[in-house]
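Chemist: Since chain A is already given, all that's left is putting chain B on it; use the hints.
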Amino acid sequence: MARPVFWRSGAAEDAVPRIAHLDRDRPLVEAARRDPERFEALYRRYLAPLYSYAYYELGDHHAAEDATERTFLAALANLHRFDERARPADGEGASTFKVWLFRIARNVVANERRTARRHPAAVLDDATAAIVADPLDVEGDAVRRDEAAAAWRAVGRLPGDRRRAVVLRFVDELSTAEIAGVLGRSEGAVRVLIHRALRTVARDLRGRDGGR
Amino acid sequence: MTFPGRDVPEVDALVTDRYLDALLASGELAHAGDPAGRDGGGTRGGRSTGRGAGWGSDLVSGLVSGRGGPALDEAVRLASARLTRDLPRFHPSFRFEERLAVRLAEAAAAMRLPAAAGAEGSVTVIPIYPPGLPDGFDPLAEDPDPDADDIAVLASRPLLIRGAVAASAISLAGAAWVAWRRSRGSSPIGRAARAVHALRGRPV
Chain A
0 MARPVFWRSG
10 AAEDAVPRIA
20 HLDRDRPLVE
30 AARRDPERFE
40 ALYRRYLAPL
50 YSYAYYELGD
60 HHAAEDATER
70 TFLAALANLH
80 RFDERARPAD
90 GEGASTFKVW
100 LFRIARNVVA
110 NERRTARRHP
120 AAVLDDATAA
130 IVADPLDVEG
140 DAVRRDEAAA
150 AWRAVGRLPG
160 DRRRAVVLRF
170 VDELSTAEIA
180 GVLGRSEGAV
190 RVLIHRALRT
200 VARDLRGRDG
210 GR
Chain B
0 MTFPGRDVPE
10 VDALVTDRYL
20 DALLASGELA
30 HAGDPAGRDG
40 GGTRGGRSTG
50 RGAGWGSDLV
60 SGLVSGRGGP
70 ALDEAVRLAS
80 ARLTRDLPRF
90 HPSFRFEERL
100 AVRLAEAAAA
110 MRLPAAAGAE
120 GSVTVIPIYP
130 PGLPDGFDPL
140 AEDPDPDADD
150 IAVLASRPLL
160 IRGAVAASAI
170 SLAGAAWVAW
180 RRSRGSSPIG
190 RAARAVHALR
200 GRPV
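Protein chains in written order, with numbering that gives the first Met the number 0: chain A, 0 to 211; chain B, 0 to 203.
To be clear, the hints were calculated from the coordinates, so they are not data collected in a lab.
Think of the CB as a built atom: it goes at the ideal place given N, C-alpha and C, for glycine as much as any other residue.
Be a bit skeptical, because a hint or two may be false.
[As the list claims (entries may be wrong)] Which chain B residues face chain A? A few, computed with CB under 8 Å, are given here: (1) D16; (2) V75; (3) A107.
Chain A with its partners taken away, still in its complex shape (with noise of 0.2 Å):
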């Protein structure tokens, strides 16, 4: 993934061309270089979002919780070589740290399901748990439950970087440019992946329903 390193700012600097890092988690990776124990920020800051990515993965919860403790163990362990590369098109908000770690992600949970040859739809139906019930309103829940069930299963029937990335951008809420870096692809490839990817669970979803 090519891509420039540095951002020139401040119109007044022209002379003397001000280098901006632009990843938002450097003074923390910085941090973390000095003194691995400081490492711990960030795994409070995304241990959650790598989660939700394994689990959607995987289908699994104890299988997320391998992926995601090896993600992490890799991240310390390879943080010397992590390098550091934001664009200004990524916004000011952009975590090159953070793709950098789902891409590891990406290749711990492919790894885990070679071996594992776990199906994400055939699992995700317990996490319909995760709906929040009424008990003022046991028959909305009933369907609120089934809608997203049925839901979940038409995203886990996408192939597989389309699913990764509709799961990058809904649920992990990863810029086009992040997903692009995770997955290793173009921007424009990314953007084409999660239209086509809607249009199939659109029109899984209207299966479903019956053209409701």
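Modeler: For chain B alone, kept in the frame of chain A given last:
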């Protein structure tokens, strides 16, 4: 909104992308049109991605209506609303979170000790990964097809601790710690007793 030099699928994808940016920024499912006829505020309504909600709402309206450019595909809009509402985030158990935090702290401490002593030279290999990863596995390596069925040849990735004098570094660190502890006194009660003793010697 025009997109010169782009073909139709690319333009559709770009419109969808901008819509999702706006939708996720605004968190307004009501604006997106809940397909089940319920009001907004789904599973994650109101979550912000750092952009202004007003910006998101305006752009959502513009893209949905097609003002000034290609309109958003209705099916894509409804699917987006469903997924925004129905795909929650998950969090691992508190027990797992703390167990992994301890594991990471132990690994970090193992990495820090030799480095703090300024050790350089040969490499000591300490495997830190949980069992189960095949030999040769590199978490940073490119994986062109994660869904491929062929099982890669993988190997455990070790934690590398540099330092030919790791053992002596630990001894030096231990000696320094003992010296520091002695200089600080044995316990809070001991320090308090010494402070009282010192006060008694002073004139009132």
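Chemist: Hint by hint, where does the structure go against what was stated? Just the numbers, ascending.
Modeler: Checked against the structure, no hint fails, so every one of them is satisfied.
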